[in-house]
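Colleague: Whenever a hint applies, use it, and build me the whole structure from the sequences.
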Amino acid sequence: MTRPRKNPRTERAAHRVEGGARPRFDLAATAKETGRPRRDPRGEERLALVPGTARRRLDRTQRIAATAISQAPAPSAEAAPTVRIIAEPAYLVAVVPDASGGRLTPHDRQLLGAARILADAGGGAVLALAEADDLASAGADRVLALPVAGYDPEAKALAVQAILAGLDIRHALFPESPDGGDLARRLAAMTGEELFAGAESLSPKAVTRAAQGRRIEQRRAPPRLISIKADAVAAHSGARHEARPVEFGFPAIALGAILSADFIPADPAKVSLAEAEFVVSAGNGVSDFNAFRALVAALNATPGASRVVCDAGLMPRAAQVGASGTVLEANCYFALGIAGAPQHLQGVARCEHVVAVNTDLHAAMIERAGLAVVADAQQVMPALLKLLDKEAGG
Amino acid sequence: MRIAVLLSAGRHAVSGRPAPVPVELQAIRLAHDLGGEVTGLHAGPDAAPLKDTLGHGLPRLVHHRITVADDPLPSLAAALIEGAFDLVLAGRTGQGGEDTGLLPYALARQLSLPLVPDAAALAEGPQSGTLSVEQALPRGARRRLVVHVPALVTVHPAAPAALPFAFAAARRGAVEARPGLVAPRAPTQIEERPYRARPKLIAKAAAGASAAERLKAATEAASGGGRLLVDPLPEEAAREILTHLRDIGVLRSR
Ligand SMILES: Cc1cc2nc3c(=O)[nH]c(=O)nc-3n(C[C@H](O)[C@H](O)[C@H](O)COP(=O)(O)OP(=O)(O)OC[C@H]3O[C@@H](n4cnc5c(N)ncnc54)[C@H](O)[C@@H]3O)c2cc1C
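These protein sequences, in sequence, are chains A and B.
If you use my numbering, the first sequence corresponds to residues 1 to 394, in order.
If you use my numbering, the second sequence corresponds to residues 1 to 254, in order.
If you're looking for bench data, these hints aren't it; they were derived computationally from the structure.
There's no promise every hint is true.
Heads up, simulated EDC-like pairs for lysine to aspartate or glutamate below, C-alpha to C-alpha not over 16 Å straight-line [unchecked claim]:
| id | chain 1 | residue 1 | chain 2 | residue 2 |
| --- | --- | --- | --- | --- |
| 1 | A | Lys390 | B | Glu236 |
| 2 | A | Lys205 | B | Glu176 |
| 3 | A | Lys386 | B | Glu240 |
| 4 | A | Lys386 | B | Glu236 |
| 5 | A | Lys205 | A | Asp152 |
| 6 | A | Lys390 | B | Glu235 |
| 7 | A | Lys386 | B | Glu176 |
| 8 | B | Lys51 | B | Glu176 |
| 9 | A | Lys6 | A | Asp40 |
Modeller: Written as structure tokens, this is what we have:
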């Protein structure tokens with residue numbers, strides 16, 4: 001695996017004697033090495049071999065080898081990550097991410113990517129108006145948290161308005177999400193400025209949006225207030241930025257008109273599959289559907305199924321996940337006895353975490369999963385139920 | 001309770017012909033279920049396409065006649081002040097106009113009304129003179145808010161479906177035409193051209209990647225391979241799965 005690779009053409013060129021009409025070669029001269037290591041297919045196969053099974057099984061993604069290596073001491077000479085610092089920005093691009101629970105959503109990251117496009121076009125810096133971890137790698141130069149607690153959009157809008165008036169902000173970007181879009185519109189009504197709502201593409205020169213029921217495209221140079229749709233702009237993927245906290249003297253902000261706000265979590269048994277947060281799904285490998293239903297209820301999840309199961313009438317058609325069923329937006333997908341056909345995996349493409357239980361090591365679902373268990377679903381389900389029961393009791 | 005429902009000149013999503021906006025029909029239903037005197041308000045050149053709303057449970061529609069070049073905001077504001085409504089309902093966004101969803105916000109600002117966005121259900125509040133609004137959040141969650149009336153509430157598509165169309169109700173309902181206020185729109189820098197659908201971003205696949213690469217990016221693990229357990233005992237597998245689910249925070253430990 002580490003033997004140097006032979007390149008016959010460079011070797012021949014190295015032996016060549018210059019001059020003369022006919023090509024001549026001096027075979028005694030030593031050839032230069034290319035430095036590229038040579039592949040050792042047998043060694044690679046040995047690494048991919050899954051230990052402890054009677055049948056010869058290969059794990060081509062080499063997760064077993066990878067975990068073995070990662071348990072070994074990590075190499076100490078790790079290059080320090082470079083941080084891009086913009087000390088004297090020409091202007092600021094403010095971003096108001098949703099960042100619910102202190103975590104950036106993918107939409108928030110795209111928003112910061114858009115802000116980087118606008119800031120890098122003229123030497124500006126990105127100011128994130130929320131407290132969240134990971135703002136530095138998402139591309140924020142400055143961070144300023146808004147002094148608003150609980151659900152009070154009116155007070156939040158007043159705080160952002162104070163920042164817009166007090167700092168040199170050329171653009172303010174909002175996500176076109178329920179809360180972000182609401183805030184952007186409140187601010188537009190408050191300041192009387194034009195809001196470019198629901199931008200679908202963005203460059204330093206122009207933003208576009210759909211109007212008149214997606215019959216007309218409107219475009220103009222980026223105004224001050226822009227709200228951006230999800231999946232319109234790519235997230236920032238370059239060097240880390242500084243994410244330095246800055247100070248701002250907020251004026252006293254009056255409370256909004258909302259008297260009380262209670263959060264009501266969704267009932268997982270009733271929400272539609274497209275909206276569900278956590279989906280537990282059964283495939284052709286599940287035969288004990290009573291245990292499956294009990295497990296779904298115990299995990300507080302929404303039930304799903306593969307097409308084979310729906311075709312067989314074991315689960316309702318509305319539960320089908322995949323290209324011809326529902327495309328999930330879930331955070332976590334737990335697949336029991338599902339092979340992972342491409343049509344099924346398309347439905348899971350947007351799920352962040354996947355857990356799979358399957359008897360077949362080579363199933364595509366096992367490859368897709370973050371935690372893959374090669375085991376019989378009919379035995380894992382009762383074990384899970386028993387464990388959940390024991391935890392609830394004890 | 002006196003309720004006004006703002007109705008916009010919409011277009012059908014598929015045929016593109018003038019039609020009421022579905023979410024505004026849902027707003028009529030919310031107003032109807034809350035009970036009280038319901039009035040529809042429209043400012044625009046033509047109210048004929050909105051006659052269907054009468055069949056969906058709206059008893060009366062007031063049409064403020066303005067030209068295409070006029071801004072409907074002043075006419076609607078004047079009508080709302082004159083009507084002294086307790087509750088104003090509007091759709092989340094229109095469908096067929098500018099589709100920005102800005103008008104309710106500008107109206108609420110002009111009339112100094114509190115605005116509650118994205119209502120999925122309405123009910124009388126705990127005290128008299130208050131309204132309890134169930135706000136639709138992503139992933140089927142809800143937030144219950146209490147506000148004082150008068151208030152402006154926008155309606156979310158997650159609200160109950162519109163009342164079915166009834167021909168007799170459409171015949172019975174009345175459209176009342178009044179002159180609106182002349183208010184030419186402010187000029188904007190916006191250029192318009194026919195819509196061109198843009199490809200949505202697909203995670204990780206670079207622009208110009210082959211179809212096979214895009215499929216791979218769409219179906220492969222987000223974080224390049226995770227943990228693999230081969231033939232564990234069922235109890236061990238169960239423990240590992242529960243720990244993993246707790247780690248990623250989908251399973252709240254009771
Ligand atoms: C046009 C078209 C559209 C389609 N759309 C969809 C779609 O939207 N959604 C969809 O799901 N499918 C769709 N399909 C079907 C898809 O191609 C697959 O046939 C289907 O997803 C397979 O379902 P499965 O994985 O449950 O079944 P199988 O392919 O039969 O796989 C069963 C899996 O369970 C495992 N298993 C068996 N026994 C056990 C056990 N005891 N414990 C644990 N694991 C076990 C097996 O190893 C196997 O991996 C579509 C197909 C076409 C042609």
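Colleague: If any of the earlier hints don't hold here, list their numbers in rising order.
Modeller: Hint check: 2, 5, 7 fail, others pass.
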